[in-house]
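Q: Single-letter residue listing:
There are 4 protein chains.
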Amino acid sequence: MGIRATVVAVLAAAASLQSQAPAAPTRQALFDDLVIANRILANEGVVDGYGHVSLRNPANANRYFLARAGAPALVTAADIVEYDLDSNPASGSGAGYMERFIHGEIYKARPDVTAVVHCHCLDVIPFAAANVPLRPMYHMGYFIGEGVPVFDIRAAAGITDMLVSTPALGQALARTLGRRPAALMRGHGAVVVADSLHVVVAKAYYLNVNARLQAQAMQLRANGVTSLDPEEAKKAVQTYERSWEFWKSRLPR
Amino acid sequence: MGIRATVVAVLAAAASLQSQAPAAPTRQALFDDLVIANRILANEGVVDGYGHVSLRNPANANRYFLARAGAPALVTAADIVEYDLDSNPASGSGAGYMERFIHGEIYKARPDVTAVVHCHCLDVIPFAAANVPLRPMYHMGYFIGEGVPVFDIRAAAGITDMLVSTPALGQALARTLGRRPAALMRGHGAVVVADSLHVVVAKAYYLNVNARLQAQAMQLRANGVTSLDPEEAKKAVQTYERSWEFWKSRLPR
Amino acid sequence: MGIRATVVAVLAAAASLQSQAPAAPTRQALFDDLVIANRILANEGVVDGYGHVSLRNPANANRYFLARAGAPALVTAADIVEYDLDSNPASGSGAGYMERFIHGEIYKARPDVTAVVHCHCLDVIPFAAANVPLRPMYHMGYFIGEGVPVFDIRAAAGITDMLVSTPALGQALARTLGRRPAALMRGHGAVVVADSLHVVVAKAYYLNVNARLQAQAMQLRANGVTSLDPEEAKKAVQTYERSWEFWKSRLPR
Amino acid sequence: MGIRATVVAVLAAAASLQSQAPAAPTRQALFDDLVIANRILANEGVVDGYGHVSLRNPANANRYFLARAGAPALVTAADIVEYDLDSNPASGSGAGYMERFIHGEIYKARPDVTAVVHCHCLDVIPFAAANVPLRPMYHMGYFIGEGVPVFDIRAAAGITDMLVSTPALGQALARTLGRRPAALMRGHGAVVVADSLHVVVAKAYYLNVNARLQAQAMQLRANGVTSLDPEEAKKAVQTYERSWEFWKSRLPR
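Protein chains in written order, with our numbering: chain A, 129 to 381; chain B, 129 to 381; chain C, 129 to 381; chain D, 129 to 381.
Extracted from the complex, chain A is given alone in its bound form:
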């Protein structure tokens, strides 16, 4: 690990400690919550058989938790693997997602990020294809006001199979993401980041809802659709905790 990565990790660990005033959750509790995140994303249609969600280890900012390769709806605690930030497995077993570098490279570049979702989010793919910037249509999509750039893998690596399956591609995606809460991936889907697992699930969900609202508004009026003012968007921060409880209650037993 280079100096930059070390600094990032130390900063992230410090941030993590600060926010851990209450007793840290056990690893089992973390895994249980990560399993619920997987199942919510599938049950609410944010992911289908593909897509993944990860969580930075609160006890070690140089590690993150991610299920081994499999459909999110079917993930159990036994499937969770711990990876280092180069996306090599540190504990756990099983073939990993080919695109786990999305997670590792973003955790390296963004010490403020605690959780990452990658999805083939259907509502946003048309926006990348049509090159129409997403805008915050209501307070639940407030974070879109920070900007949602589009990652075109062709600009980074020419003709590919579209997958972010190497550290270099993960780094290129992280660069496009910058300090933003989400990035679209042209011809592929999106990546969403946040400082908590519950919030990243909600942002991935509302990124899609907001895209539908924008498409519908643009259908009613091609030009002149009103979105949140940038300052409104900054103020309209959501915790989404009520969404998490709602979605959890809707999971099939």
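Some hints here could point you the wrong way.
Claimed, not checked - In the DSSO-like style, the derived pairs of lysine-lysine whose C-alpha atoms are separated by at most 30 Å in a straight line are:
no.	chain 1	residue 1	chain 2	residue 2
1	D	K376	C	K376
2	A	K376	B	K376
3	A	K376	D	K376
4	D	K362	D	K376
5	C	K376	C	K362
6	A	K363	A	K376
7	A	K362	A	K376
8	D	K363	D	K376
9	C	K363	C	K376
10	B	K363	B	K376
11	B	K376	C	K376
Because the hints were derived from the structure by calculation, they are not lab data. The structure displayed is predicted, hence computed values, not measured ones.
Once you have looked at the hints, place chains B, C and D on chain A.
A: Frame of chain A, contents of chains B, C and D only:
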């Protein structure tokens, strides 16, 4: 409570007495119905993890019932709080919805109103964003013929977090609503009012359905869509009682 | 009953006898099938809390069966009422649907019709509002090739509450329907007729599906959408029996 | 069977043997998988009461398995019939699908094909009606990059009932399909082929999803929508195995 509010409360109490020829329902029966209203709104997709529905106390027009803060799908009778019209809790416990002033201020301004829904109704948000007035597309959306104004919180209070979280903002929303059955809230959702709990749930539901119909008709023909004649809309009053029975039967056990 | 109605009834009875080579189903079996038709229409979203489906009595062409007023999803065999063609109850009890004249007057005018659906079918209302004729987009919507006229109640009776709640309005609707398989009702919904209960349910269902297909095709290409050739539509007759079995299997227990 | 068909069958048998390094599945296991394929297609909305999926017999490339006529959701292993490539039953009983020639004639013409789906896929019918070519919008629809031609039955046979109900019509469809992974059928639906049962189910599913994405992108921007580069599409091959596991887990018990 000022003179105006007192007058309003007395008038509302009188109206309430008139309509109470049959034995008044017990508080438990009222709470049970309010719980069902919460669950129907969630189950039919009018609200998600956010949104709320309240009922004026039929035994005291200066009070209203509203769940404490939580996802509507998870509300139980134990969560119902009684508020005065300034939205201070009169009985019950737990943190209240930050936006309960929507309810209290409308009850003050509208003695004819017995129930209020606030939702982030997805189908109507694009209409506020595109500044396209809703029109009554079929008899089930007849009340839209009375007009559905758009509340822009920026006109009332400049840059905000979009939430109607103070008495002043609630009053501004009530002024925009005027005598109408509903108002859209730009970048946020809608508020719907009625003279019964069952009807307010149905009007919130059909406000959305009607918006979808209008968007689809406008897609087929940009100009020249026919909606109900204003006089037709006045005549096509619905009780929606059959909808309530249907929706109730569809609730998960 | 006038001479014309008598003639119609006799012809219908004759047609009914011809098609009854196998042992006639018992009244209980007929009622059970009519209950299933109600529940399928609700479960597949053709009707919501409102709408109705009726069946001509195969043993007496001057009578038809229709549930008493209530949500279709909740209809049981005990709710079925037998009506004469003037829509007066002949047996059974309970308040009738205000719009039962839709059924009675169509049975009078159309001896070939054995079953009638009235729905607030959401996908077709925009077509009536936009005055865009429905066209048969695929073989499952073949019957649309016979034409689907639009009934505008205002042309028949001026300003109304939009409901077909009198014999005269039912007759006006039947005149607009003519020999066609369905008619849209402006600002209201649709009526669909067929020579069997299973087929009328399927035609109501596919009338909606076909409308969605047409709207989507018109969105892709404003002019020049290809629908079935009129002669193709005539040949592509469906029994839809496989749909009935599928929908029946999907009913909640 | 003519010489050409014999050659095709021998080649297919050879290909089949090569890919059968592991012990061949029992006939019961094949039937169980084919039943699951039927049920997934119905449960995920790719087929409704109509449509079918077949599998070439891995032990005899001149035979294929297809359920007898019935709704896909209700198919059981007892319903599977074995057909020769002229679509005559070789074992099993019951009336066959009138359009089984779609399957037989494609197996004859395409020794590389192991499984075939025919559906009235709603999302693609508008594309054939509007004559808008499908394009690969994301990696999950990569195969669309090979081209999806439109079969117009009128060009092959004039006015018909739209059904591919003869060997000659099946051959005409197979000619239009050529070496492609799928073909739309104007005013009818689509046919999808693949070298495995799991993949053909997934390609039928994603053909529809991709069509929705393309329609939505074209709504945002009438011209200039970006789809996968042809070389990207070639590289982005999917096994979709994770989708199969996900869809299987969602089947009603």
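Q: Holds or violated: are the alpha carbons of D/K363 and D/K376 at most 30 Å from each other?
A: Holds - the C-alpha atoms of D/K376 and D/K363 are around 27 Å apart, at most 30 Å.
Q: Taken at face value, is the distance from the CA of C/K376 to the CA of D/K376 at most 30 Å?
A: This hinted pair holds, its Cα atoms lying about 22 Å apart.
Q: So if I understand the rule, the pair passes when the alpha-carbon distance is 30 Å or less; does C/K363 with C/K376 pass?
A: holds, 27 Å
Q: Keeping to a limit of 30 Å between CA atoms, is the pair of D/K362 and D/K376 held or broken?
A: Given pair D/K362, D/K376 holds - Cα atoms ~28 Å apart, limit 30 Å.
Q: Does B/K363 pair with B/K376 here, judged by a C-alpha cut-off of 30 Å?
A: holds, 27 Å
Q: For the pair we were handed, B/K376 and C/K376, check the Cα-Cα distance against 30 Å.
A: holds, 22 Å
Q: Run the distance test for C/K376 versus C/K362: straight-line Cα separation, threshold 30 Å.
A: Holds - the C-alpha atoms of C/K362 and C/K376 are around 28 Å apart, at most 30 Å.
Q: Within a Cα-Cα threshold of 30 Å, do A/K363 and A/K376 meet the stated pairing?
A: It holds: about 27 Å lies between the C-alpha atoms, which stays within 30 Å.
Q: For A/K362 and A/K376, compute the direct alpha-carbon distance and say whether it is at most 30 Å.
A: Measuring from Cα to Cα gives roughly 28 Å; hence the hint holds.
Q: Would the hint linking A/K376 and B/K376 be met if the CA-CA limit is 30 Å?
A: holds, 22 Å
Q: Taking 30 Å as the top limit, are the C-alpha atoms of A/K376 and D/K376 close enough?
A: Judged against 30 Å, a Cα distance of about 22 Å means the pair holds.
The structure fails none of the hints (numbered hints given earlier).
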